[in-house]
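Undergrad: As a plain string of letters, each chain reads:
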Amino acid sequence: MSEILTINGLRKTFEGKPALDDVNVHLQSGKIYGLLGPNGSGKTTLIKLINGLLVPDRGEIYVEGHKPGPESKSVVSYLPDKLYFNTWMKVSDLLHYYADFYTDFDIQRAKDMLKRLQIDEHKKMKNLSKGTKEKVQLILVMSRRAKLYVLDEPIGGVDPAARDYILETIITNYDPEASVLMSTHLISDIENVLDEVIFIRDGQIVMAAVVDDIREREGKSVDELFREVFRC
Amino acid sequence: MLGKLLKHEMKALAHWFVPLYIGVGIAMVLFGIGWTINLAWDNEIFSTIITMSLLFLFMATLAVISLGTFAIIIIQFYKTMVSDEGYLTHTLPVTVDQLLISKGLAGFIWNVLAIIAMALVILFAIFLTLVTTGAIDSNFWMEFVEMWNSLRAEIKEGIRLALGDITGSLILLGVEFIVLLIISGFSKLYLVYLSMALGQSVKGHKFLWSTIFYICILIGTGMISQIVTTVVMLGYGISTNDAVFESLNYFNFYTHGMMLTSILLSAAYLFGSYFLSRYLLKNRLNLD
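These protein sequence lines are chains R and X, in that order.
Take the first sequence: its letter number 26 is residue 26 in our numbering, and every next letter is one higher.
Take the second sequence: its letter number 29 is residue 29 in our numbering, and every next letter is one higher.
Think of the hints as simulated: they come from the structure by calculation, not from any bench.
Certain hints may be false.
To give an idea of the interface, some chain R residues facing chain X are shown, with a C-beta separation under 7 angstroms as derived from the structure [said to hold, decoys possible]:
id	residue
1	Asn51
2	Leu53
3	Val55
4	Lys67
5	Lys73
6	Ser74
7	Tyr78
8	Pro80
9	Trp88
10	Ala99
11	Asp100
12	Tyr165
13	Phe230
Every residue, glycine too, gets a C-beta built ideally from N, C-alpha and C.
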């Protein structure tokens, strides 16, 4: 099992205030990781740094040995917590856009998923509901045969039925050799799919543990442990 | 990847430009119909109103092409680079250089098309006026051919003179002019991109900040150009003594100097804005 993501001594400040401080993360391939923390704990900042959307003040990030850049972006499939499409585009335009830029994009897999969800690929994005747009975005992200999937709040703001579909999509579509890093504060919904968890608070990693260990040693669910660690 | 970026950029811009040019086409049809009605109607007041309206339509069409092109290029850059769409753009497996070059090339191509469109609109208006006022009759085309033939002879003579010019001054002037057009076309675009790269680095009100930075850049570059041009002109004044007047064609000497100054200034703005934008997007990217 190789290390897909290495983060050492990471620090990021906004207007002098630290959003992340001395963060160290090591992700192995073939596992699903939960990045768990309350709102404002630094989850999105960490994810943006991994994807090269922010530049750290200090520390190092390596994805498969590459600093954030074209090489790392070609192996990371990123789902942000917002919609990033041109609304005038048709769903089929987006499929071709992805296929053009990402050599690991499996267009047939995307078409199959769209069909299963009865999303018409000839429709323009602006004519789709917000929920359907989010599903299209998730389908595109999960149709890449990436080495690392970084998903920022993939189930935030969707109804419970859609959450099940999203989680199922993630589990059934990621390559067993690939890793998934998923941020959320809705722990009970995802804890059954996680291999390991990383708890983050006030920009610092407060705990990193294997989910089975938490259950066996602590005799608690991840949700219970989270409530205990982050009790106000 | 640059080719793919350029392809998608041209496509995205076409999404805005195609309706704009359809609008221009409709405006020209209306212009033609209005002009024809105007001539058929024998009423002075009505004719004045129509003429003024058509003049307004003509000017508005040119303004829409010019300002619309500028606005579309700005909006496209802002949307895809520093707003939510930036999350997709900046996670593509491409370099910041490839992004900036593709944006600059696509913007430049659409700007050239806008210049061609404006020239066509002006030619159409002239042609229509000539046809409807009866200036174009059976003799017109004969006269036109004659005029063209003599013009062609003049051009040939001009080229012969230019080629025979021992200093190569006229050819050089033509080349300088084309180079200046290209470089200043790109530098204007990249100065706008720089203002947005600066604006996105500020927290909140990014578009407002981009506009403020653009105004500051315009004032700053305007002042620099003014100072440099004045210094160069003064330099020419000092160095231009009687001997220079006698030994060189002063017009050529002065014109080439000013052309070269303008080219160097535009090139400095282009490289400065490109590398500063590159630095900001690479090291100070700050998407909300």
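Undergrad: Could you run down the list of hints and mark each one as holding or not?
TA: Verification of the supplied hints:
1. Asn51: holds, 5 angstroms
2. Leu53: Holds - the Cβ of Leu53 (chain R) comes within 7 angstroms of chain X, reaching about 6 angstroms at its closest.
3. Val55: Where the cut-off is 7 angstroms and the nearest Cβ of chain X is about 5 angstroms from Val55 (chain R), the hint holds.
4. Lys67: At about 12 angstroms, which exceeds the 7 angstroms cut-off, the nearest Cβ of chain X leaves the hint on Lys67 (chain R) violated.
5. Lys73: The hint holds - Lys73 (chain R) has a Cβ within 7 angstroms of chain X, the shortest such distance being about 4 angstroms.
6. Ser74: Status holds, d = 4 angstroms.
7. Tyr78: holds, 5 angstroms
8. Pro80: holds, 5 angstroms
9. Trp88: With Cβ-Cβ at 6 angstroms, under 7 angstroms, it holds.
10. Ala99: violated, 10 angstroms
11. Asp100: Where the cut-off is 7 angstroms and the nearest Cβ of chain X is about 5 angstroms from Asp100 (chain R), the hint holds.
12. Tyr165: Violated - the Cβ of Tyr165 (chain R) stays beyond 7 angstroms from chain X, reaching only about 23 angstroms at its closest.
13. Phe230: violated, 26 angstroms
Of the numbered hints listed earlier, those contradicted by the structure are 4, 10, 12 and 13.
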